[in-house]
Structures are given as structure tokens and as C-alpha cells.
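Engineer: Generate coordinates for the entire structure from the input sequences, incorporating the hints supplied.
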Amino acid sequence: MATATKARFPLLLLLGIIFLASVCVSYGIVQGNPCIEKCLQRYNKVHETFKHHECRSHCEKEEEEEVEEPLEPREPGRRERGRQEGEKEEKRRQLPPRTRDEDQDNDEWRGRRRHQDPEERARLRRRREEKERRQEHQREEEEETSSESQGRRNPFFFNSNKFQTIFENEHGHIRLLQRFDKRSNLFENLQNYRLLEYKARPHTLFLPQHTDADFILVVLSGKAILTVLNSNDRNSFNLECGDTIKLPAGTIAYLANRDSNEDLRIVDLAIPINTPAKFQAFFPFANNNQQSYFNGFSKNILEASFNAKYEDIERILLEEPQQRRGHRGRQQSQEAEVIVKVSREQIEELSKHAESSSRKSISSESEPFNLKRRSPIYSNKFGKFFEITPKKSSQLQDLDILVDYAEINEGGLMLPHFNSRATMVVVVNEGKGNFELVGLRNEEEEKSKQVQRYRANLSPGDVFVIPAGHPVAVNASSNLSLLGFGINAQNNQRNFLAGEDDNVISQIERPVKELAFPGSAQEVDRLIKNQRQSHFANAQSQGSQRRSPLSSILDTFY
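Under mature numbering (1 follows the signal peptide of the UniProt record, and there is no 0), the residues of the sequence shown are numbered -26 to -1, 1 to 532, in order.
Hints may be right or wrong, so weigh each one.
Here are the simulated EDC-like pairs of lysine to aspartate or glutamate, each with C-alpha atoms no more than 16 Å apart in a straight line [stated by the list, open to error]:
1) 366 - 339
2) 197 - 329
3) 358 - 404
4) 315 - 237
5) 173 - 106
6) 346 - 277
7) 366 - 341
8) 346 - 474
9) 503 - 474
The set of hints was computed from the structure by calculation and includes no laboratory data.
Quick caveat: nothing in here was measured; it's all calculated off a predicted structure.
Structural biologist: Pasting the structure below:
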């Protein structure tokens, strides 16, 4: 028995050593293999040896299956680079994060270095300028797009940027508004009417010229000396704001700004006589834009006309601006321009024989008259309205044009009205506000006519057109002054749709009111009498819930 036990002991010892080695190997494998660790957790209640054996076999089988899966082709060294990048990322994580103050200090240091470098400063300046140019260009495009869009939505409104510059220098400019008939079929009767704006700096002169168009000239601001030439004499006039005069086609005239500080602004309504919607200016002198009309005549005609040698005529009248600069100093070479600078002494010389129009409210055949010197035809605390019609002016009679001037105080409203025959071209002189004009949608169709409201904000230089028969109202957000030219003015009647006096709606008889309006005749009369003002009123209604008279009336008619 003892001998048998002794014989088995080495065998048992060997088995124990093998078992311990197996356990150690399994434990080492487990420690480095997450797959085996998870597997052992699942076999928690199984015998330890069996558990390790099964898990190791299971995980080795999965590894063999993973190796046998086809791999996507990779670039040489890609895995190595990935490992290196991973190690770098791990090192970055291990580094202590930089504080906000350190980042700020570094940025400030770099900023100081950049601003101290002249080349860097120049680069930064160029970047800023380029950015500003891009922003300005973007703003201009947006404004132009907005203006064009508004023009499509509201054909009655012409933004001030719709004027085209036909001449400009440092002393002033001449601008021409786009053709009315190109905007809407409603303006076909305005085909032969064009609107011009003149602006001149203090102590400047528009040199002599004549055009193939009749002009109605109105001074919007500033002080001027207008000289009109006739065959045997000339007439000079001192003009101020509101002065108006007709210049017949072919009249040679020149205009000076006699004020030392204020710019001169003038608006002309031009009526071409040769070609509809087009007119030409003719100059006795050569300028940068055009030759003198004397250049068009032959040498023989000029010599016979002036009874002089052609060389003298050429030197005195025909020299081009470039040649003139060679013979004169720089101060005297500005005759090449249309608008030139003049001295105080020259202004005084021009003023010697000029007449004043300040006391003339009724126009004569050829002298200017002042719109604002007349008594207003409408006036109250909210505004004033001045007008001169063809009946009262021989200058306007043959052109069938009226001229009016409205001054609407801040917060005032020119009540809804329409003109029976005249189409009004209105220029915003000063102030801001808005207008609402009522037209008909689908006017070319016989059915489905609906009222369309057209609205636009008004600023100085803007223009809007009021066709005959179209109701309109004007609201002033600041003191607003408007100049109007009425085309086809003979026998025009201005009909107000609200207000105490001159209200055409109030003249409708009671039985017709009963049939026409949703409310009774008594309610209509009471509504009309709510407004105690005439022609001009407060733009703010006393009752916020009250509908405007224009709205209720038009709802019935249309």
C-alpha cells in the first residue's frame, strides 16, 4: 500500500504542476484579451478549468474568422501613419490644457506683431477696403433690385435713382428722368414729356445753349440769375424758390447761381417739338461733350457770315477744348465744360440789370411768376396748396399745363381726391412721407376688376405720377413739399372724396345714397361730417377702429 502511494505521488505532482501552468497561461491570456474576459463572465457558475478552456477556444475561433475576412486594399504605411497620429493625439490629451489667458496673450502678441509690420498693415488695409467695396456693391445691387422690384409693383413711382446723368462735373449736374411711357401703358399720353433736374454749386454758371423743346422751369431751392436772349435785346431775372417761367423752344438762355452758400436746384418739364420724347441741345461754343454748331458750317459760309478770315474765326469761335488749353491757363480753360465757376465780380456784373420776380404772382407773356407768392387755394393748420392754371397764365395756356405746389405739415394728410382731366407729375422737393394711389387691377380686362392700392415712401428727388381719375392721398411724416405739373389741364376739376368742404360724395342725393352704400343715407352723412377739416387733415384718426372714408366709399363703387 505504501509502495503504491509512493509510486503515484510523482504522477500527482506532475499533474498539479501542469494544472497550475494551465491556469497561469489562461489568466495571462484573459488579462490581455477582452473577448475572453467577457466570455468568463458569461460562464460564471461553470467549473474554473472548463470555463477557461471553452472561452479560449471560442475566442481563438473568432480571431481566425476575423483574419479570414477579405480586407480592403490600403496604401502602404497607412496603418503606421494612423498609429503615429493616434499616439500624437494621445500625447496631446495628456498635455495640460492651455488656459484662456494664455490663448488671449498669444493672440495679442501676434496682433501686435502684425500691426507693427508695415507690409501686414498694408495688407490689412487692403482687405478692409476690399471688404467695404464688396459690401457697398452688394448694398447698391440690393437697392437697385429693391427699386426695380418696387417699380414693377408700383408703376406710378419713380425713385430718384431713375434719373440718368447726362452731364456732371465738380460744379453741378444735369439729370434726365426715364421716359414715362416706358413704365406703363397708362402713361402713353406722357410720351412727349420729359423731366430734367439741374443742380449747381454756389457761384457757378450754366453756359448759353438752346434746345428744340419748350421748357417750364421751376426753382426748387437757391437763388439764380436767368438771362434770356432775344434777337435785339436780353432780359435778366433774379429767381428764388417757387419762381416759374416758360422758355419757348429755341430760346438761348444761361443761368447762374448767385448765392454764396446754397446749391441751386431747378426742375424743368420739357416738351420736345421735333421728335416725340427726344430733344437736343445746341451750343455756340465747343465743350467736352459737343462741338459748337459753328463747326458745322463750311469755311466759305463762315467767312461770308462774319466778314472775316477763317483763321480768325477758327481761333475765336471754333477751337476745340484741347487746343484751347494750350493757349490759355488752367483757370481759363474751363469753358470746355457746360457748368463753370464764376467770380463774385462776375456775379455782380450779371446782377446789374436783373429784375426781381418776388412781387409778381400773376405771369406775363415772358416774365417769371412765383407760385408761393400767390394766395393758396387750400389752407389750414395741416397744409397749404398753391396752383396756377392755364386760365390764369398765358405762358401755360398754349401748353395746356398747370403748375401747383403743396406744403403738408408733419403729421398732416392731403385728403383723398382725384383730378378729372389732368395727369399729374409730382416731384418731391423736401421732406418725407408716403402716398397711396388707387387703381384697378386687370384694367385691360372687362371682367373681374378689383381695386388695387399702390403705395410708396417718398424722399427728396422722388417722382410719382397720378393719372386722371385715380384717387390719391399723401401723408407727411415730416414737413413735405411737392411740386406738380398737370398735363392736359384745361377744364380740370379736383374732386375730394373726404372732408367738410369740396367733398363730391356729400353732393350725392339721399335716395341714391340709400341705393349705393351699405349703410343708410343718414349713416353716410354722419360719416362724412365726422371730418371737420377740408383738403388737409390730421393723418391720425380719432378712432383707431374707424374705417377711413376712402375705404368705405371705394368698397361700394368697385
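Engineer: Each of the hints needs a verdict: does it hold here or not?
Structural biologist: Status of the hints after comparison with the structure:
1. 366 - 339: 11 Å, holds
2. 197 - 329: 13 Å, holds
3. 358 - 404: Holds, because 14 Å separates the two Cα atoms, which is no more than 16 Å.
4. 315 - 237: 13 Å, holds
5. 173 - 106: Given pair residue 173, residue 106 is violated - Cα atoms ~29 Å apart, limit 16 Å.
6. 346 - 277: Not satisfied, since the Cα-Cα distance of roughly 50 Å exceeds 16 Å.
7. 366 - 341: Holds: residue 366 and residue 341 sit about 14 Å apart, inside 16 Å.
8. 346 - 474: This hinted pair is violated, its Cα atoms lying about 25 Å apart.
9. 503 - 474: The given pair, whose Cα atoms are some 6 Å apart, holds under the 16 Å limit.
When held up to the earlier numbered hints, the structure conflicts with 5, 6, 8 and fits the remainder.
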